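Protein chains in written order, with this note's numbering: chain A, 1 to 96; chain B, 97 to 231.
It is worth saying that the hints were derived from the structure and are not from the lab. Quick caveat, the model's predicted, so the values are computed rather than measured. Backbone N, C-alpha and C fix where the C-beta goes; we use that ideal spot for every residue, glycine too. A couple of the hints might just be wrong.
[To be verified] Derived DEER-like restraints, expressed as beta-carbon distance ranges:
| # | chain 1 | residue 1 | chain 2 | residue 2 | range |
| --- | --- | --- | --- | --- | --- |
| 1 | B | R197 | A | E4 | 44 to 52 Å |
| 2 | B | K194 | A | G57 | 49 to 57 Å |
| 3 | A | L19 | B | L169 | 21 to 29 Å |
Now for the letters of each chain:
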Amino acid sequence: MTIETWIDITLIILAASLLICFVRLYIGPNPPNRAVAFDTIAMHAVGVFALIAMRSGAPELLDAAIVTAVLGFVGTMMFARYIEKSNVQDWESDEE
Amino acid sequence: MTTIEWVITFFILAGALFMLIGAVGIVRFPDVFARMHAAGMATTVGISALLLGAGFFFSDEFLFYRMLVLILLIFATSPISTTALTRAVYHNEPRLRKQLRHDEMAVTIVEEPVKELAGSPPAHTPAAPAPHVAD
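Work out the full structure, taking the sequences as your base and the hints as a guide.
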């Protein structure tokens, strides 16, 4: 097996993991759960950028991975500020 | 496949499996604090291994250092965002606080009015010692 095959297998695993994250984004009963799912999806986007850069031999895509990491951090901080300032007490409980 | 390619394969497979474990934890764990625990820890290790594999893949020294800087950036920013999100959830969902076995933020919340009371007398410093002396 060449290394391209292994990169494809890794991309498939990462795509399955991303689908599982989208399940939490869909069924998450309140905004904090969706914010957690958003944080994880941003990290997955960085990983997918790195893997596609390796698969297509284009190291320029790693710069896009850096920008995506910074934007994911800023977005998660924005969600945290919003949740803290919104002061909503009657969200749906996430106990199962 | 050469040795460096096996090393790259090990790193990217380990990273993808760690991220899969983190995603399963996000869906399976019972409350939002446990989900943040899974999302903060497993994802950080997974993305670090993936980026280290990408740094080894391109045989470019400058690119490898740039991936190391990106790993350092993620190690710095991921705990910050997780802590901010946890504080936001803690302040907004009082029902979840009862599930915590050890609640360190409760001490902070009790101490905050005490600090305000202790901070307010210096504004009235000339008036405050006078009744004390009269006693």
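Hint numbers the structure violates, sorted upward? none
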